[in-house]
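Heads up: the protein sequence lines correspond to chains A and B, in order. Residue numbering for the first sequence follows our numbering, starting at 1 and increasing by one per position. Residue numbering for the second sequence follows our numbering, starting at 1001 and increasing by one per position.
Hints listed in this document are in silico derivations from the structure and should not be mistaken for laboratory results. Quick caveat, the model's predicted, so the values are computed rather than measured. The C-beta atom is built at its ideal place from N, Cα and C for all residues, glycine as well. Be careful, since some hints might not be right.
Quick look at which bits of chain B chain A covers, simulated, 3 or more residues with Cβ under 8 Å [unchecked claim]: (1) 1034-1044; (2) 1090-1100; (3) 1103-1111.
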Amino acid sequence: AQSVTQLGSHVSVSEGALVLLRCNYSSSVPPYLFWYVQYPNQGLQLLLKYTTGATLVKGINGFEAEFKKSETSFHLTKPSAHMSDAAEYFCAVSVRGGGADGLTFGKGTHLIIQP
Amino acid sequence: EAGVAQSPRYKIIEKRQSVAFWCNPISGHATLYWYQQILGQGPKLLIQFQNNGVVDDSQLPKDRFSAERLKGVDSTLKIQPAKLEDSAVYLCASSPRTGWSTGELFFGEGSRLTVL
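Only chain B is shown next, with the shape it has when bound in the complex (with noise of 0.2 Å):
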């Protein structure tokens, strides 16, 4: 079974451009969520989709953050315009639960953004 996608592995942008991340969740996995973790912290929730509707996404920077989840399959995060504080890796993750997914989930290895 192929695991959770996610491109570009590493992305190094100057403060004020535009970045975005790409995942391709577990095949027939419902649930889907973005994470930053940045250096020396644990990941912090940003959105969480089921199918392609949001859950939650009340700690996604929304002024400059977006995220989508066309055909309740693959989903992209982006950045625009990007600040220092934004470098971090971006992790994707999907659970195959709708509802409480008991915490299970399976992550990608994550896209490291740097910003310069």
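Pulled out of the complex, with its shape left as it was, chain A reads as follows (with noise of 0.2 Å):
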């Protein structure tokens, strides 16, 4: 069964630095890999995505992520964080297979910008 590890439940950076979250995830068979936002009281959204191909995946308002297959990571970043990224970020892996093939989500990650 897969699964993924999101390291750190909050992150905090100042509003113009550099935004990390963390994912590491774990899957016997070649993964999707996804990143998605909640705002406030809404449902998730599709911020990016891994499939094949390139390991450096753009996304909505500014983030991007890489796939590294031998760190089994799919880190979210985006160069200047701006108020408005406030939110929690998921880390989530879909492969192949049978039975369910929805989504497994990590824990989340809380971002808080700092004026």
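Once you've looked at the hints, go ahead and assemble the two chains, each given alone in its own frame, into the complex.
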């Protein structure tokens, strides 16, 4: 079975600083990897995804993530944080296989932006 | 294109009472998911439907939870009787794909349940 570990339940950065949210995964087969964002009282919105091919993927709002198979990681970054980035971020994995094929989520990282 | 619709958005009940949540997926989406998101945790899959059939309900507490998707469109999730630990946000998601979803799901805003 696949799993996702997000390091740090809360991350605080200053506005304009680099954002780095860490995600490691475990999967016995090649995974598809995702970052979803959840703003207060809203549903989850897809930020970006890795399927196959280029390991550096770009998403909405200036975020990007790099798939590193050797490190089983899929960290999310943004060069310059904006106040509007404050939200909960979830890393998730999906693998092809029998039975349920929905997403397996990490516990989430709450991103706090300091003015 | 209309998104995934869920209702009610908020519900407060006392333990041992019953509650039902409704979900209308994006038009034409064959696959529907119910997730439970407890405060401080990531969403956990409860049940997956493809059209009106159940693909997987292995994590659904069947002694108190039930779900159905009549005519392969709308779905309802029911809890009876509710326990304190059922306090959570219940998220509905849909996918246009049959077979493997590839993980690209479209989520509703969720229904927040508080059990007192």
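>> Taking 8 Å as the Cβ threshold, is the statement that the stretch 1090-1100 of chain B is covered by chain A upheld or broken by the three-residue rule?
In response: The restraint on the stretch 1090-1100 of chain B holds, since 4 of its residues have a Cβ under 8 Å from chain A and three suffice.
>> Can you confirm whether chain A covers the stretch 1103-1111 of chain B, using C-beta to C-beta distances below 8 Å and requiring at least three such residues?
In response: holds (count 7)
> Taking a Cβ-to-Cβ distance below 8 Å as contact, does the stretch 1034-1044 of chain B have at least three residues touching chain A?
Replying inline: Contact hint for the stretch 1034-1044 of chain B vs chain A: holds, 6 residues under 8 Å.
In this structure, none of the earlier numbered hints is contradicted; all agree with it.
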